[in-house]
Amino acid sequence: MTRVRMTAPRTAPRPAKESREAAQDSEVGQVFVRSLIRSQLRLALVVASGFLLILGAFPLLLAAVPGLAETRVAGIPFAWLLLGVGIYPVIGLSAWLYIRMAARNESRYRDLADDR
Amino acid sequence: MNPGVALAALAVVSLATAVIGFYGLRISRTTGDFYVASRTVRPWWNASAIGGEYLSAASFLGVAGLILLSGTDALWFPVGYTAGYLMLLLFVAAPLRRSGAYTIPDFTEARLDSRAVRRVTSLVVVLVGWLYIVPQLHGAALTIRITTGLPSWAGSVAVVVVVCLTVVAGGMRSITFVQAFQYWLKLTALAVPILFIIFVLAGNGTPALAPPAANPTGVAPAGLYQNVSLLVALLFGTLGLPHVLVRFYTNPDGQSARRTTLIVLGLMSVFYLFPTAYGLVGRVFAPGLARSGQADAMVLLLPGELVGGTAGDLLSALVVAGAFAAFLSTTSGLVVSLAGVISQDVLGGGVDGFRLAAVVSALVPLGFAFMTDSFALAGSVGLVFAFTASTVCPVLLLGIWWRGLTDAGAIAGMLTGGVLCGGAMVMGALAGAASTPAWLAQPAAWTVPAAFAVMVLVSRATVHRVPKTMSRVMTRLHTPERPLATER
Numbered sequence: 032m033t034r035v036r037m038t039a040p041r042t043a044p045r046p047a048k049e050s051r052e053a054a055q056d057s058e059v060g061q062v063f064v065r066s067l068i069r070s071q072l073r074l075a076l077v078v079a080s081g082f083l084l085i086l087g088a089f090p091l092l093l094a095a096v097p098g099l100a101e102t103r104v105a106g107i108p109f110a111w112l113l114l115g116v117g118i119y120p121v122i123g124l125s126a127w128l129y130i131r132m133a134a135r136n137e138s139r140y141r142d143l144a145d146d147r
Numbered sequence: 158m159n160p161g162v163a164l165a166a167l168a169v170v171s172l173a174t175a176v177i178g179f180y181g182l183r184i185s186r187t188t189g190d191f192y193v194a195s196r197t198v199r200p201w202w203n204a205s206a207i208g209g210e211y212l213s214a215a216s217f218l219g220v221a222g223l224i225l226l227s228g229t230d231a232l233w234f235p236v237g238y239t240a241g242y243l244m245l246l247l248f249v250a251a252p253l254r255r256s257g258a259y260t261i262p263d264f265t266e267a268r269l270d271s272r273a274v275r276r277v278t279s280l281v282v283v284l285v286g287w288l289y290i291v292p293q294l295h296g297a298a299l300t301i302r303i304t305t306g307l308p309s310w311a312g313s314v315a316v317v318v319v320v321c322l323t324v325v326a327g328g329m330r331s332i333t334f335v336q337a338f339q340y341w342l343k344l345t346a347l348a349v350p351i352l353f354i355i356f357v358l359a360g361n362g363t364p365a366l367a368p369p370a371a372n373p374t375g376v377a378p379a380g381l382y383q384n385v386s387l388l389v390a391l392l393f394g395t396l397g398l399p400h401v402l403v404r405f406y407t408n409p410d411g412q413s414a415r416r417t418t419l420i421v422l423g424l425m426s427v428f429y430l431f432p433t434a435y436g437l438v439g440r441v442f443a444p445g446l447a448r449s450g451q452a453d454a455m456v457l458l459l460p461g462e463l464v465g466g467t468a469g470d471l472l473s474a475l476v477v478a479g480a481f482a483a484f485l486s487t488t489s490g491l492v493v494s495l496a497g498v499i500s501q502d503v504l505g506g507g508v509d510g511f512r513l514a515a516v517v518s519a520l521v522p523l524g525f526a527f528m529t530d531s532f533a534l535a536g537s538v539g540l541v542f543a544f545t546a547s548t549v550c551p552v553l554l555l556g557i558w559w560r561g562l563t564d565a566g567a568i569a570g571m572l573t574g575g576v577l578c579g580g581a582m583v584m585g586a587l588a589g590a591a592s593t594p595a596w597l598a599q600p601a602a603w604t605v606p607a608a609f610a611v612m613v614l615v616s617r618a619t620v621h622r623v624p625k626t627m628s629r630v631m632t633r634l635h636t637p638e639r640p641l642a643t644e645r
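So the sequences go chain by chain: C and P.
Take the first sequence: its position 71, counting from 1, is numbered 102 in this note's numbering, and each next residue is one higher.
Take the second sequence: its position 118, counting from 1, is numbered 275 in this note's numbering, and each next residue is one higher.
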């Protein structure tokens, strides 16, 4: 068995991408990078607040409509179905939407950066 | 329950874990294998492994127990545990993978160009890990006591021994396989018994859920503040958990880190349907378990209560196996990430250092577990989430998204969050669960904003300390990797 001495690089440099990062250091490159970061942050915040609004709406709905929480669907009280099952598709859908949009932001950035 | 069956189940899980661990050893030879599985783990494997690692004693036993005790209020726990991953996907997954760092301290040091920040982060990460291992050991102690009648300490010790053996033998590569296997084991171990129980109840002519889901214990419903504070802790705590984050480095690139997270969300959504079902069935058909103070053991006891006989024994054995998979996988995931941090910061980062660090990071929480008593598992894990949300989460979020963060701000913020949240936890523990006011029992709602505020204000006051490398690091965090074919 071969033993390998481990000295993990503390900052994990990536020599292969030196030239790419140099190009991004230019002023124009930095403008593109800043706009990419801004659009990714905006996207994340929009998806997060959308999800939290829906999440907050669930208990409000239960509180606002009297008797709804106790209404039975297939023998199970609606409150349990809503919080125990119904919330998960909302989480999955938010995630799926975010991934598509984030990849789109990145390919737009890539096009811009390559066009120069 | 038949102690022999439970012990056999336990032995099989430990053996399977060890065998898969040793199989992994044969293919883990290099540095990269040891720490991060060479970053070539496929998304499905990786996602199963993340699921396996994340679904701890709290999810397997605690959630169902809490639902039994407090009904729909407790449904916020599984929702929060899952939604925490959504937040991780939105704000952390891809940039963290692109940072190229191995651990959270690696990340903060690279981002802020400061050794001091690294040391504080390491300290916080190790604390979080230890705090999180303790409830796993409590869960193991409870399971052993309830199912075999052996003394509690035997359960904690068994978990620590198996974890040390697998981690010391194989590092992260074998852990990835072990964790992935354990996710599917946990899912089966919860799903099969509850489906069988529901089938039997329906077959007995018990009209499904005819009695109202009554409150068996008279526990007062949690107030709005407590639910909101709990959600803050779970949503923001997940993205600071060391064993969760280290998994993202095993993805080949940022976009695959995102895809992995999406699969994880699916896996967790499916998993949490079952503790919820246990909670509901237990509340209706076995409310006696809540009264006798055995809520956390409800998942283990329900098959015996409602099915009984040989079938009941076999189903119980399956649940015990799943529970041990939960303790083992979460503990080993935490031990690997803690060992990574301790060995790099204290022991110089060799393979032997990693092994020594692994043993230390498993033994310290064992001591804690002996000294403390188990209270509700899901609740104590919830407090660990509050602590992470007040310390690691702000430095990660601001580090990834805000150019103005400085080393001084990061340290001040982490210390503020840690002292406030840690203080609340200690005061809550001293006062006892009954007499703790809500704002101390669920501190996240004020400690997380406080940590963020201090971090931002101190960074603003020390603008001159923004590191010169900042633009370059931000660029690396957020720009997509090129496809390999066009790499120049």
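The set of hints was computed from the structure by calculation and includes no laboratory data.
Wrong hints could be hidden among the right ones.
[What the hints assert, rightly or not] Now the in silico label distances, taken between C-beta atoms and shown as ranges:
1. C:103 to P:352: 17 to 27 Å
2. P:352 to C:66: 48 to 58 Å
3. P:311 to C:77: 47 to 57 Å
4. C:142 to P:176: 29 to 39 Å
C-beta: ideal position from N, C-alpha, C; glycine also.
A quick look at each hint next to the structure:
no., hint, in the structure
1, C:103 to P:352: 17 to 27 Å, "holds, 21 Å"
2, P:352 to C:66: 48 to 58 Å, "holds, 51 Å"
3, P:311 to C:77: 47 to 57 Å, "holds, 51 Å"
4, C:142 to P:176: 29 to 39 Å, "violated, 49 Å"
This entry does not satisfy hint 4, going by the numbered hints stated previously; all others are met.
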